[in-house]
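Asks: Here is how the chains run, residue by residue.
Protein chains: 2
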Amino acid sequence: MAIPHRVDTLARRWIGALATLTGTALLGACAGTTTAPAGAGPLSIAEQGSFFVGGSDRASNTLSDVPGFAPVGTVSVDQMYVRYQVPEKSSGPPLVFVHGCCLTGKTWESTPDGRMGWDEAFLRRGHPTYVVDQAARGRSAADPSPIVAVKLGQQTPHSLPVIFSAGRESAWSIFRFGPHYPKAFDGMRYPLEAQGQLWKQMVPDLSRALPTPNPTVAALSQLSARLGLAVLVSHSQSGPYPFQVVTQDRTGVAGIVSIEPVSCPSPDSDMQPYARLPILVLWGDYTADSPFWAPRVKACADFVKAANAAGARARQVMLADEGMPGQTHMLMQDRNSLQIADWLAAWMRGHWPR
Amino acid sequence: MAIPHRVDTLARRWIGALATLTGTALLGACAGTTTAPAGAGPLSIAEQGSFFVGGSDRASNTLSDVPGFAPVGTVSVDQMYVRYQVPEKSSGPPLVFVHGCCLTGKTWESTPDGRMGWDEAFLRRGHPTYVVDQAARGRSAADPSPIVAVKLGQQTPHSLPVIFSAGRESAWSIFRFGPHYPKAFDGMRYPLEAQGQLWKQMVPDLSRALPTPNPTVAALSQLSARLGLAVLVSHSQSGPYPFQVVTQDRTGVAGIVSIEPVSCPSPDSDMQPYARLPILVLWGDYTADSPFWAPRVKACADFVKAANAAGARARQVMLADEGMPGQTHMLMQDRNSLQIADWLAAWMRGHWPR
Chain A
307 MAIPHRVDTL
317 ARRWIGALAT
327 LTGTALLGAC
337 AGTTTAPAGA
347 GPLSIAEQGS
357 FFVGGSDRAS
367 NTLSDVPGFA
377 PVGTVSVDQM
387 YVRYQVPEKS
397 SGPPLVFVHG
407 CCLTGKTWES
417 TPDGRMGWDE
427 AFLRRGHPTY
437 VVDQAARGRS
447 AADPSPIVAV
457 KLGQQTPHSL
467 PVIFSAGRES
477 AWSIFRFGPH
487 YPKAFDGMRY
497 PLEAQGQLWK
507 QMVPDLSRAL
517 PTPNPTVAAL
527 SQLSARLGLA
537 VLVSHSQSGP
547 YPFQVVTQDR
557 TGVAGIVSIE
567 PVSCPSPDSD
577 MQPYARLPIL
587 VLWGDYTADS
597 PFWAPRVKAC
607 ADFVKAANAA
617 GARARQVMLA
627 DEGMPGQTHM
637 LMQDRNSLQI
647 ADWLAAWMRG
657 HWPR
Chain B
307 MAIPHRVDTL
317 ARRWIGALAT
327 LTGTALLGAC
337 AGTTTAPAGA
347 GPLSIAEQGS
357 FFVGGSDRAS
367 NTLSDVPGFA
377 PVGTVSVDQM
387 YVRYQVPEKS
397 SGPPLVFVHG
407 CCLTGKTWES
417 TPDGRMGWDE
427 AFLRRGHPTY
437 VVDQAARGRS
447 AADPSPIVAV
457 KLGQQTPHSL
467 PVIFSAGRES
477 AWSIFRFGPH
487 YPKAFDGMRY
497 PLEAQGQLWK
507 QMVPDLSRAL
517 PTPNPTVAAL
527 SQLSARLGLA
537 VLVSHSQSGP
547 YPFQVVTQDR
557 TGVAGIVSIE
567 PVSCPSPDSD
577 MQPYARLPIL
587 VLWGDYTADS
597 PFWAPRVKAC
607 ADFVKAANAA
617 GARARQVMLA
627 DEGMPGQTHM
637 LMQDRNSLQI
647 ADWLAAWMRG
657 HWPR
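Protein chains in written order, with the working numbering: chain A, 307 to 660; chain B, 307 to 660.
If you're looking for bench data, these hints aren't it; they were derived computationally from the structure. Some clues are possibly wrong.
Distance windows between CB atoms, simulated [what the hints assert, rightly or not]: (1) Gly-347(A) x Phe-375(B): 20 to 28 Å; (2) Asp-492(A) x Glu-499(B): 34 to 42 Å; (3) Ala-605(B) x Ala-376(A): 20 to 28 Å; (4) Asn-367(A) x Val-623(B): 34 to 42 Å; (5) Phe-598(B) x Gly-459(A): 45 to 53 Å.
Quantities reported herein were computed from a predicted structural model and do not represent experimental measurements. All residues carry an ideal CB built from backbone N, CA and C; glycine is no exception.
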């Protein structure tokens with residue numbers, strides 16, 4: 307199996323020295339895996355780290371069904387994991403990246419074929435980056451209590467949480483790799499040769515079992531306020547969240563980049579929260595023939611029109627119209643993901659000049 | 307709530323400029339949160355990214371109970387998420403950090419009170435770092451099928467996976483913050499004022515529902531072989547994994563750092579796999595009075611003795627004997643976590659001179 311791992315020169319030198327010492331031929335195993343963009347150079351980071359935002363305590367008597375351990379106690383739920391990096395030379399607004407359905411913050415890290423992810427790409431373009439795991443996903447804990455309660459016979463199976471997981475066969479057309487698994491669209495730019503690494507990114511999605519609005523919304527609001535003014539970058543299932551943040555309190559929100567949102571606000575809803583707000587709704591290719599996506603593109607166009615009538619600075623962009631045909635729903639991982647990042651960085655400079 | 311977030315000078319300047327523009331007093335919200343160690347300076351990184359190791363395809367017809375979506379399909383399970391960083395000036399072996407029970411790779415990132423985590427600390431000490439999420443934990447997907455099967459009535463509640471979650475009340479004495487919640491030991495060095503951020507790190511642990519050996523073991527073996535020679539750093543519940551890797555194939559393993567392992571190999575087992583292998587078993591304070599830990603310290607001492615008799619280079623260390631009393635089970639997050647990192651880095655230089 308090809309692991310998209312890049313070994314830098316110095317690590318390679320160290321491994322090489324060890325190989326000499328131990329007499330094993332380790333260099334061969336590492337050769338040819340360096341895929342760092344030519345001339346990218348080292349990354350200079352002022353700060354990095356991680357923390358949680360939001361969350362609340364929950365008392366439970368069904369934490370565990372392991373004999374010998376107390377099933378009673380207090381856990382924290384609904385918090386949101388945030389990993390951040392601040393570049394040494396910061397020259398743009400902080401970006402908060404929110405993944406979509408059945409995925410985690412991994413979405414924005416290295417691509418499946420081992421190229422630079424958007425977290426690093428935008429860091430290199432001057433933006434502090436904040437990559438989150440939605441509540442009850444990835445490193446943000448889900449509440450085990452409803453499941454353990456059923457196992458212990460205290461509740462019926464009906465009370466188990468709603469779980470959504472997408473098999474690759476059904477994800478295929480939603481991700482618009484092609485009309486149906488495993489057929490690909492002509493000119494489609496996802497690195498399918500590394501698709502195994504994408505399928506490994508996918509996790510069970512418990513968002514339907516969470517309160518409405520999703521606790522991620524309050525956490526994003528808290529994070530944005532803390533950062534001062536941040537651009538919220540959503541993808542797919544998380545599309546509604548930045549709009550919900552703004553509707554409740556836009557204090558910390560500098561703008562919204564909505565990548566292939568599962569929905570936009572209704573054009574009949576109150577548009578005042580969006581007045582003067584830069585909003586970009588960004589789409590890849592092949593939407594017109596997608597029964598799932600075509601109506602969503604249309605609905606978002608209607609929203610953009612209504613928002614602008616109320617004074618927003620909203621724009622809907624089809625990347626194919628910008629000279630980038632063949633992009634998929636997972637466009638931040640497409641072969642030319644850095645070209646799209648450049649386009650998006652330019653859009654941001656237009657709104658937040660340096 | 308105190309978010310342990312550090313804002314660097316440049317980001318602060320940018321936010322300050324925006325504050326001036328918007329007329330809001332944002333600087334105040336950010337003041338006093340910088341906790342980067344004085345003189346640490348920017349971090350120069352040759353490479354960073356993430357990928358998955360291991361995993362296998364699983365066909366399921368109980369992926370989802372959401373109406374309108376196919377419950378049938380193929381998902382990937384048992385893979386291990388790896389996030390890595392390689393320093394610009396690399397001068398030590400790669401370290402693979404494996405978290406313990408009910409936790410994720412977050413263990414090794416920023417401490418609950420916002421100080422530098424061991425991932426960055428060892429990167430700054432010259433080591434490429436690889437922080438993983440165990441199989442079925444964090445960003446490494448769990449299989450939803452057994453839960454959905456029960457919800458859909460295809461299986462009985464008895465077939466639900468074994469889940470273990472620790473409430474803070476029971477975790478308290480296992481983490482050795484004190485004899486019982488919420489009483490603290492005298493001189494104990496965990497930053498309890500930020501304990502809320504620790505409880506938010508805790509996630510449900512499904513390791514008991516996984517095959518034996520845990521798929522994480524095969525993934526660690528694959529990762530180590532890929533890296534050439536890596537030091538496997540385990541914590542608590544993951545303690546057995548590096549030993550299991552070595553027993554199967556020690557090709558990629560340079561050494562083992564076993565931090566407060568839940569168990570060590572039996573001294574009656576085959577010690578040959580450990581011949582000439584540097585092994586450190588590291589313990590914090592207050593173990594002698596812990597009914598849970600005291601027998602484990604004793605058993606690991608017996609293992610170290612047996613391993614050395616077979617030619618290993620094993621050592622068991624109580625940090626209190628090294629001038630560091632008051633350390634807890636979560637010693638990589640204790641107040642003096644960087645002092646412990648310095649001690650550990652020196653131990654490594656002793657085995658792998660630069």
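Asks: Would you mind marking each hint as holding or not holding in the structure?
Replies: How the hints compare with the structure:
| no. | hint | result |
| --- | --- | --- |
| 1 | Gly-347(A) x Phe-375(B): 20 to 28 Å | 45 Å, violated |
| 2 | Asp-492(A) x Glu-499(B): 34 to 42 Å | 59 Å, violated |
| 3 | Ala-605(B) x Ala-376(A): 20 to 28 Å | 24 Å, holds |
| 4 | Asn-367(A) x Val-623(B): 34 to 42 Å | 39 Å, holds |
| 5 | Phe-598(B) x Gly-459(A): 45 to 53 Å | 29 Å, violated |
Consistency note: the structure conflicts with the earlier hints numbered 1, 2 and 5.
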